[in-house]
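So the chains spell out like this:
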Amino acid sequence: MATLIKERRIVADSWHLLERGPKGELPEVPARGDVIVPLGLWLARREELLARAETGTLGAWIDANEGPEALAADVQRFPLIAVNFPKFGDGRGYSIARLLRERYSFKGELRAIGDVLHDHLFFMSQCGFDAFALREDQDPQEALSVFGTFSDGYQTSVLRPVPLFRRRLAAGKS
Amino acid sequence: MYLYDEIDQKLVDERVAQFRDQTRRFLAGKLSEDEFRALRLRNGLYIQRYAPMLRIAIPYGLLSTKQLRKLAQVTHQYDRGYGHFSTRQNLQLNWPKLERVPDILAELATVQMHAIQTSGNSFRNVTTDHFAGVAQDEIVDSFVWCEIIRQWSTFHPEFSYLPRKFKFAVNGAKSDRAAVAVHDIGLHAVKDEQGEVGFRVLVGGGLGRTPAIGFVIREFLPWRHLLTYIEAILRVYNRYGRRDNIHKARIKILVKERGPEKFREEVDAEWAHLKDGPATLVPEEVARIESRFTRPSYLRLPATDAGLEAALATERAFANWHKRNVHPHKKAGYAAVTLSLKKTGVPPGDVTVEQMEKIADLADRYSFGELRVSHEQNLIFADVQLAALHALWQEVKELGFATPNVGLLTNIICCPGGDFCSLANAKSIPVAEAIQQRFDDLDYLHDIGEIDLNISGCMNACGHHHVGHIGILGVDKNGEEWYQIEIGGNQGEIRPGRGASLGKVIGPSFARAEVPDVIEKLIGCYLARRDSEAERFIDVVHRVGAEPFKESVYGNADQRAAHRRGQLASA
Ligand code: HEM
Ligand code: SF4
Numbered sequence: 001m002a003t004l005i006k007e008r009r010i011v012a013d014s015w016h017l018l019e020r021g022p023k024g025e026l027p028e029v030p031a032r033g034d035v036i037v038p039l040g041l042w043l044a045r046r047e048e049l050l051a052r053a054e055t056g057t058l059g060a061w062i063d064a065n066e067g068p069e070a071l072a073a074d075v076q077r078f079p080l081i082a083v084n085f086p087k088f089g090d091g092r093g094y095s096i097a098r099l100l101r102e103r104y105s106f107k108g109e110l111r112a113i114g115d116v117l118h119d120h121l122f123f124m125s126q127c128g129f130d131a132f133a134l135r136e137d138q139d140p141q142e143a144l145s146v147f148g149t150f151s152d153g154y155q156t157s158v159l160r161p162v163p164l165f166r167r168r169l170a171a172g173k174s
Numbered sequence: 175m176y177l178y179d180e181i182d183q184k185l186v187d188e189r190v191a192q193f194r195d196q197t198r199r200f201l202a203g204k205l206s207e208d209e210f211r212a213l214r215l216r217n218g219l220y221i222q223r224y225a226p227m228l229r230i231a232i233p234y235g236l237l238s239t240k241q242l243r244k245l246a247q248v249t250h251q252y253d254r255g256y257g258h259f260s261t262r263q264n265l266q267l268n269w270p271k272l273e274r275v276p277d278i279l280a281e282l283a284t285v286q287m288h289a290i291q292t293s294g295n296s297f298r299n300v301t302t303d304h305f306a307g308v309a310q311d312e313i314v315d316s317f318v319w320c321e322i323i324r325q326w327s328t329f330h331p332e333f334s335y336l337p338r339k340f341k342f343a344v345n346g347a348k349s350d351r352a353a354v355a356v357h358d359i360g361l362h363a364v365k366d367e368q369g370e371v372g373f374r375v376l377v378g379g380g381l382g383r384t385p386a387i388g389f390v391i392r393e394f395l396p397w398r399h400l401l402t403y404i405e406a407i408l409r410v411y412n413r414y415g416r417r418d419n420i421h422k423a424r425i426k427i428l429v430k431e432r433g434p435e436k437f438r439e440e441v442d443a444e445w446a447h448l449k450d451g452p453a454t455l456v457p458e459e460v461a462r463i464e465s466r467f468t469r470p471s472y473l474r475l476p477a478t479d480a481g482l483e484a485a486l487a488t489e490r491a492f493a494n495w496h497k498r499n500v501h502p503h504k505k506a507g508y509a510a511v512t513l514s515l516k517k518t519g520v521p522p523g524d525v526t527v528e529q530m531e532k533i534a535d536l537a538d539r540y541s542f543g544e545l546r547v548s549h550e551q552n553l554i555f556a557d558v559q560l561a562a563l564h565a566l567w568q569e570v571k572e573l574g575f576a577t578p579n580v581g582l583l584t585n586i587i588c589c590p591g592g593d594f595c596s597l598a599n600a601k602s603i604p605v606a607e608a609i610q611q612r613f614d615d616l617d618y619l620h621d622i623g624e625i626d627l628n629i630s631g632c633m634n635a636c637g638h639h640h641v642g643h644i645g646i647l648g649v650d651k652n653g654e655e656w657y658q659i660e661i662g663g664n665q666g667e668i669r670p671g672r673g674a675s676l677g678k679v680i681g682p683s684f685a686r687a688e689v690p691d692v693i694e695k696l697i698g699c700y701l702a703r704r705d706s707e708a709e710r711f712i713d714v715v716h717r718v719g720a721e722p723f724k725e726s727v728y729g730n731a732d733q734r735a736a737h738r739r740g741q742l743a744s745a
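Quick note, the sequences are listed as chains A and B, same order.
All the letters of the first sequence, read from the start, carry residue numbers 1 to 174 under this note's numbering.
All the letters of the second sequence, read from the start, carry residue numbers 175 to 745 under this note's numbering.
It is worth saying that the hints were derived from the structure and are not from the lab.
Since this is a predicted model, take the numbers as computed values, not measurements.
Honestly, I wouldn't trust all of these hints.
[Stated by the list, open to error] With a straight-line cut-off of 30 Å between C-alpha atoms, the simulated DSS-like cross-links for lysine-lysine are:
#: 1; chain 1: B; residue 1: Lys365; chain 2: B; residue 2: Lys422
#: 2; chain 1: B; residue 1: Lys436; chain 2: B; residue 2: Lys422
#: 3; chain 1: B; residue 1: Lys422; chain 2: B; residue 2: Lys571
#: 4; chain 1: A; residue 1: Lys6; chain 2: B; residue 2: Lys184
#: 5; chain 1: A; residue 1: Lys87; chain 2: B; residue 2: Lys651
#: 6; chain 1: B; residue 1: Lys422; chain 2: A; residue 2: Lys23
[What the hints assert, rightly or not] These stretches of chain A come out as covered by chain B in the derived footprint (C-beta under 8 Å, 3 or more residues):
#: 7; region: 13 to 24
#: 8; region: 141 to 152
Every residue, glycine too, gets a C-beta built ideally from N, C-alpha and C.
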C-alpha cells in the first residue's frame with residue numbers, strides 16, 4: 001500500500017485506485033471496498049453508479065488532460081477526488097485543484113496522485129490538495145517538513161483566499 | 175529602489191533555505207538529475223557544457239549601488255572576476271560551483287536580491303523601460319507596476335509549473351522602450367478619456383525559433399483588474415498550453431492554434447469568475463508599493479546649465495557623447511546617462527569586478543546611488559545633474575564606458591554565441607567585433623544615424639536578431655559557421671507610427687569574413703535612398719521594400735537568377 005500523507009500526517013490508506021487498462025479500457029468496479037474510479041468511468045456509467053456513490057465508497061480521479069468541469073454538478077457526491085500528475089513538471093493539476101475547491105466548492109478529500117514528490121507538496125497544498133499519495137521512493141517522514149517552506153504568499157490561494165496585499169493593508173490600519 | 179518589508183525579506187530567506195535543502199538532497203543522491211534540474215532552473219542555475227551558469231535577477235533592471243557592490247563581491251569570490259549583463263535585465267555568472275550556489279543566494283538575500291524564477295518553465299523576471307520614472311513621455315511609473323507583478327508572480331502556487339517559460343514586459347511611457355509586442359504578455363500603459371490609468375494588453379509575442387508579434391487581447395484594462403486578468407490568461411495557458419512538444423509550448427503557439435478571437439473568449443470566460451474577486455487591486459496597495467520606492471531628492475535646478483553649454487560648444491568629443499548617450503529627463507536640470515558596455519573588443523554586456531566597483535562609486539557620486547540595466551545590455555544613470563555631466567563623462571571615459579554609440583550601428587545586441595554557449599551554431603561576438611572595427615569612424619556612424627543591429631548565434635534568438643533593423647543569425651551548414659541576414663525588424667514603437675515588426679531574411683547566408691562587407695552595402699543602399707537624416711534605416715526599408723537592399727548585396731534579380739543557374743550547372 002502506498003504511503004499517504006493526509007492533513008499533514010502519515011496515515012494508512014483504505015482507498016483503492018482503479019486505473020484504466022493499457023489500451024485505455026475502463027476497469028471493472030469491485031462490489032465492495034473504497035474505490036477511486038477514472039472520471040471517464042463515472043461519466044460512462046453514472047446512472048448505475050449513483051447508488052454506490054450514496055454509500056460513500058466511491059471516489060473519482062481526474063487526469064491532467066481532463067477538466068473538472070465534467071464533474072461540476074457531481075462533486076458533492078464524492079468523499080474523495082484525486083487529480084493525477086503524470087509527471088512532476090506537469091502543472092495542470094494545480095489549476096484543476098483550485099477549480100474544484102474554489103469554483104465547485106468541493107469539500108471532501110482532494111488527493112494528489114501520480115508523480116507526487118517532496119518538493120511539490122507545498123504548492124499543491126496551497127492549491128487545495130490535502131492528501132498526497134507520494135511516489136514510492138519518497139521519504140514521507142522528510143516530506144512532512146515541507147509544508148512550512150514558506151511562511152506566507154503574495155497571491156490568493158485555497159489556503160489563503162485573501163491576498164497578502166489586503167492583509168498587509170488591514171494590518172497597517174489596525 | 176523598492177525596499178522589502180519583513181515579509182518580502184522572509185520569503186527570500188526561506189527560498190535560500192529551501193534551495194540549500196534541495197541541493198543537499200541532490201548531492202546526497204535523494205533527487206534525480208531530472209528532478210533537481212527543474213528545481214535548480216527556477217533558481218537560475220544552468221549546467222552547461224562548459225560550466226554552470228547562475229542567472230541573478232535584477233527585477234525590472236533597477237539596482238542600488240549596495241547591490242552592485244554585493245554583486246561585485248560575489249563575482250570576485252565565487253566566479254572568475256567578471257559577470258555578464260543580459261538582455262533580460264539579469265546578471266549572469268559563468269563559473270559558480272554547484273555546492274556554493276546556496277551560499278551565493280544567501281549573500282544576495284542580504285541585499286534583497288535573489289535568482290528566483292530566472293529560468294525554467296516559470297514566470298520570469300518582469301522587464302521594463304530603462305527610463306521608467308524619469309522619461310519625459312511618462313504615463314505611469316512602470317516600476318510600481320512591475321513590482322506589483324513581481325510580487326504576484328513570485329512563488330505563484332498555481333503557475334509554478336507552466337508548459338514553458340513566461341516573459342512579461344511593462345511599458346509606462348508613450349514610446350515603447352520595453353518591446354512589449356515580443357513578450358508572452360506585454361502591457362502598455364494608457365489613459366482613457368477620463369484620465370484613468372489602464373493597460374493595453376498584448377499576448378503571444380516572442381522571439382526564439384517561431385517569432386511572433388503579440389496580439390492586442392484588450393485595448394484598455396483598468397488597472398484595478400490587472401491581477402485578475404493576467405490570472406485568467408495564465409490559467410488558460412496553464413491548462414491548455416501544449417506540453418507534448420517543447421518547441422510548441424509557448425503561449426504564442428496556443429494563441430495561434432486557437433486563433434486570437436477564440437483565445438480571447440476563453441480568457442474572458444475565465445475572467446468572469448475572477449473579476450472583482452479578492453485579487454482586485456485597490457488604490458491603497460498601489461500607494462503602498464509606490465511609497466516603498468526610495469526616490470531621489472531632486473534639487474530645484476534651472477533647465478539649462480551655462481557650463482554645460484560652453485563645454486558642448488567647445489569640446490567635440492564631449493558633444494558627441496552628449497548627443498548619443500545623454501537623454502532628456504522629466505525634472506528640470508537633470509539628465510539620464512547611458513554607460514555603454516559595447517566597446518570594441520569586449521563581449522557586449524561583460525563587466526569586471528573592478529569595473530562594477532568603480533561604477534558603484536560613480537553612481538553614488540552622480541546619480542543618487544542607483545542605476546539601471548537596459549535590455550540593450552548597457553547601464554543607465556537615471557538622475558544626473560546637467561552641471562555634472564562633463565565631470566561624469568571624463569570619469570566614464572577613463573573606465574571605457576563612454577563609447578558614444580547608443581542607438582548607433584556599433585551598439586550591437588549580441589548573445590554569448592559559440593564562444594560560451596553550447597547550443598550555438600556559430601560564434602557571435604567576433605562578428606560584432608568585426609562590424610565595430612569596420613565602422614569605427616564616429617562621424618560616419620553619426621551620419622548613419624539610429625539603427626539596431628542584433629546578433630544571435632542560433633535560432634533561440636537570445637540576441638534578438640528578429641527585431642534588429644538588421645539582424646544576423648548564425649547557422650550551421652555542413653558543420654561550418656554561416657550567417658543569415660535579415661532586415662526590417664523593429665522591437666517596438668519607439669518612434670510613433672513604426673510599430674514592432676519581424677525582420678525578413680534577404681537571401682543566402684554568408685561566411686563570417688563577408689559579413690562586414692554585407693553590412694556596409696546595406697548601409698550604403700540606405701544612405702543613397704533616405705529622404706533626409708531624420709529617416710532611419712528601418713523607415714527606408716519599410717518605405718522602399720527589401721528589393722533594393724537585396725540588389726545592393728546580391729545584384730539585381732537577373733544577376734541573381736544567372737548566379738543561381740551557374741551554381742546549379744556547376745553542382
Ligand atoms: C549562454 C547560454 C545560454 C543558453 C544555453 C541559452 C538558451 C536559450 C534557449 C534554449 C532559448 C530558447 C527558448 C525558447 O525558444 O523557448 C533561449 C532564448 C532566449 N534567451 Fe538564452 N541562452 C543563453 C544565454 C542568453 C543570454 C546571455 C541572453 C541575454 C543576452 C539570453 C536571452 C534570451 C532571450 C531574450 C531569449 C528569447 C526569448 C523568447 O523566445 O522570447 N540568453 N535561450
Ligand atoms: S542565441 Fe543560441 S547561441 Fe546565442 S546564447 Fe542563445 S542559445 Fe546560445
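**Prompt:** Which of the numbered hints are not met once you compare them with the structure shown?
**Reply:** 1, 3, 5 and 7
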